[in-house]
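In case you want the letters, here they are:
There are 4 protein chains.
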Amino acid sequence: MTLLPEHILNGYRHFIEGRYLAETQTYRSLARDGQAPETMVIACCDSRAAPETVFGAAPGELFVVRNVANLVPPYTPDGEFHGTSAALEFAVQALRVRHVVVMGHGRCGGIKAALDPASSPLSPGDFIGKWMSLVETEARQVSANELLTTSEKQTALERISIRLSLANLRTFPCVSQLEAKGKLTLHGAWFDISTGELWAMDPTTGDFQRPLIDVEIAAIQAK
Amino acid sequence: MTLLPEHILNGYRHFIEGRYLAETQTYRSLARDGQAPETMVIACCDSRAAPETVFGAAPGELFVVRNVANLVPPYTPDGEFHGTSAALEFAVQALRVRHVVVMGHGRCGGIKAALDPASSPLSPGDFIGKWMSLVETEARQVSANELLTTSEKQTALERISIRLSLANLRTFPCVSQLEAKGKLTLHGAWFDISTGELWAMDPTTGDFQRPLIDVEIAAIQAK
Amino acid sequence: MTLLPEHILNGYRHFIEGRYLAETQTYRSLARDGQAPETMVIACCDSRAAPETVFGAAPGELFVVRNVANLVPPYTPDGEFHGTSAALEFAVQALRVRHVVVMGHGRCGGIKAALDPASSPLSPGDFIGKWMSLVETEARQVSANELLTTSEKQTALERISIRLSLANLRTFPCVSQLEAKGKLTLHGAWFDISTGELWAMDPTTGDFQRPLIDVEIAAIQAK
Amino acid sequence: MTLLPEHILNGYRHFIEGRYLAETQTYRSLARDGQAPETMVIACCDSRAAPETVFGAAPGELFVVRNVANLVPPYTPDGEFHGTSAALEFAVQALRVRHVVVMGHGRCGGIKAALDPASSPLSPGDFIGKWMSLVETEARQVSANELLTTSEKQTALERISIRLSLANLRTFPCVSQLEAKGKLTLHGAWFDISTGELWAMDPTTGDFQRPLIDVEIAAIQAK
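Residue numbers (our numbering), protein chains in the order written: chain A, 23 to 245; chain B, 23 to 245; chain C, 23 to 245; chain D, 23 to 245.
Simulated from the structure, these hints should not be mistaken for lab results.
Quick caveat, the model's predicted, so the values are computed rather than measured.
Incorrect hints may appear among the rest.
It does not matter which identical chain is meant; a pair holds if it fits inside one copy or across any two.
[As the list claims (entries may be wrong)] Simulated crosslink set (SDA-like; lysine to any residue; CA at most 25 Å straight-line):
1) 205 to 97
2) 205 to 229
3) 152 to 139
4) 152 to 176
5) 203 to 95
6) 152 to 118
7) 134 to 55
8) 134 to 35
9) 203 to 60
10) 152 to 167
11) 152 to 199
12) 205 to 174
13) 152 to 97
14) 134 to 232
Required output: the full structure, derived from the provided sequences and hints.
Encoded structure:
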């Protein structure tokens with residue numbers, strides 16, 4: 023029996039023979055000097071939307087919290103365990119990151135369960151239903167619109183929940199104070215697994231648009 | 023003003039022109055058919071220890087929850103929000119992963135804060151102290167042993183907390199039942215940021231060892 | 023004084039010296055033999071979304087009706103004037119087109135007026151309000167969802183109204199009968215003025231997707 | 023199965039790789055700033071007489087309503103649906119166009135049906151007969167003149183109906199008021215599919231003449 027799943031070991035082998043060897047000095051510096059990421063990403067656990075992959079990140083670049091559906095609960099200092107809030111506090115107060123990106127993605131299983139709890143395989147669970155209740159009101163409102171297709175509802179709630187998480191982020195005093203001083207910027211992003219497109223939220227309107235569309239058009243022109 | 027930090031956009035540009043184009047069909051299949059990862063990883067938010075990077079993961083390969091110090095709280099169905107437990111439930115019950123890997127790493131800031139709360143910049147925080155109290159008993163005991171150096175205490179608690187998280191994982195009925203049936207395997211791993219070494223936990227003894235040590239040495243020699 | 027606006031005459035000059043001369047034989051044949059378009063397009067009057075331009079159409083290729091917001095009223099044989107229904111009848115029964123495409127587009131002024139009649143400069147008008155009341159129920163339902171941004175509501179209603187027009191098309195006996203026999207196919211399309219993207223409706227789900235995304239990706243690959 | 027007819031997709035491909043790429047900035051400006059066409063065209067659905075093609079129009083240049091035989095019904099504020107009147111209202115009151123061009127063309131199928139309803143394949147239809155009854159009186163009078171050939175009758179009614187539509191346009195208060203103030207100009211045009219000639223109506227006499235005849239002859243000579 024191996025101590026780790028075979029695919030994990032094979033992947034690690036590629037890492038150590040490839041990236042680690044190429045970036046040994048970076049890893050050593052990061053170990054010696056500590057991490058100093060400029061950006062925190064709040065992302066989903068989904069296996070298809072890893073922020074390091076999509077954002078082509080170098081070691082030390084992104085401080086990443088990942089939970090189901092990339093949700094940020096509102097500031098609730100009630101003495102209970104709040105893993106995401108703890109990570110936020112760590113990033114903002116200890117690491118002093120300058121950016122927080124809430125990164126959602128298409129076809130999110132958590133959002134799907136929120137929209138259709140009855141047909142979710144998780145309905146009898148103890149935790150996922152409670153967790154997704156963070157967007158319960160929004161899910162109910164989107165679900166009620168029978169003019170939207172299932173897929174349109176899904177995308178709508180994915181984007182609405184990013185806006186909600188950004189609003190919840192601002193309920194944390196440390197976030198709103200640093201943002202007011204211009205020392206912290208909040209961002210929303212949505213990744214389309216199928217097309218590979220990255221959509222960024224306009225902070226004024228809340229709309230999502232593709233910031234690199236010029237690159238795409240240039241590529242077509244170069245054809 | 024750009025909608026996303028410049029380094030995020032540049033990284034995404036590399037992704038879309040490189041990896042996404044090379045693996046377009048994989049992304050499309052994953053979008054169409056849904057994710058079916060074999061393995062869940064519980065890892066730390068640390069910017070230097072991304073599981074996808076260290077485990078050289080393909081899209082769709084790893085379902086990843088990340089919180090400060092890769093902790094799993096014990097099973098507590100109290101109706102409160104439990105982000106990590108929700109992710110675990112999702113992975114085990116909906117996605118039916120076959121492996122759960124708790125992945126710790128060296129120089130973990132959360133573990134450091136647990137060992138020396140007084141000097142942590144986070145002491146006045148609302149959340150991180152509570153979160154790290156999950157290993158409070160263990161931290162106190164390690165700290166009290168004055169025979170260990172500061173660095174040894176750090177590594178010791180990092181590994182102790184991996185064993186603790188594995189024990190907590192087994193308090194979840196869905197985990198212990200599937201493990202008993204041989205349908206789910208739990209693993210511990212610890213990544214050394216400086217040397218790039220991956221240490222795997224022996225499930226019988228709890229010891230950490232390097233499963234690929236020969237490969238590592240050969241690779242470094244070839245450098 | 024000129025008989026026609028200067029820009030019209032200049033444009034015609036380009037046509038006659040360019041396209042007409044290049045395609046004189048086509049025009050002569052079409053004049054002699056009559057038109058036999060394979061496809062009818064129901065499009066908006068908007069100056070930025072001409073179907074001949076977007077679909078790169080040759081003379082004789084598209085039979086086009088254009089009204090505000092590319093709406094099709096339901097089949098109502100009440101002896102009143104129904105310009106769009108008359109055009110549909112002409113295309114389907116006399117010209118025997120094989121395809122009908124309802125082509126919507128982004129930033130549609132009619133849809134905007136339907137979503138926000140109060141702020142429309144057309145509110146005191148006699149006709150536009152009545153015309154847009156064809157999607158009044160849908161507009162009210164979309165408007166009520168305060169979780170959507172103004173722009174998201176706009177896109178949602180644009181696509182919902184395409185689906186509604188397709189449903190209304192099927193209330194015409196000549197349409198539904200020919201469709202049942204496989205002699206007529208209905209399509210939905212949505213053109214994004216800003217990005218130039220064409221989105222096509224999946225007839226099963228009603229979702230809009232980009233049929234030429236492979237071309238776009240190939241272009242990026244070719245970069 | 024493709025979502026859109028093959029010829030539509032091929033045409034779109036030419037558009038996106040050709041015109042859209044050449045005029046990307048224009049499309050973006052038009053999307054961002056909204057349309058501001060100077061001219062509205064009321065044209066026929068005929069596949070051989072697209073105004074954008076014949077008038078070599080740029081995106082954003084022409085606001086176009088198209089119905090069978092380019093007819094304008096008289097002002098009838100009866101609370102019924104009037105698609106053409108709604109489009110006119112939109113163009114004149116919201117977009118404040120400065121010109122309205124009624125553009126007829128030769129070999130118009132609608133006019134032919136009006137002249138000879140008995141032999142029309144549309145006689146049993148619910149809508150086309152009613153729609154063409156807008157020129158019923160005129161059609162009957164032209165038909166009765168046995169001195170004219172069939173072709174002469176056709177051209178005569180095509181031009182008469184343009185003059186009638188212009189007269190009907192002036193029954194709309196918003197049109198006649200703006201025309202009286204010199205803020206709106208009405209024009210008639212007739213396109214000969216076979217020769218490619220554009221004939222413009224003299225507003226004083228109602229006669230049709232070719233404003234660019236010198237250009238046409240030179241161009242054809244140069245061929």
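### Task
Give me the numbers of the hints this structure contradicts, sorted from smallest to largest.
Of the numbered hints, 8, 12 do not hold.
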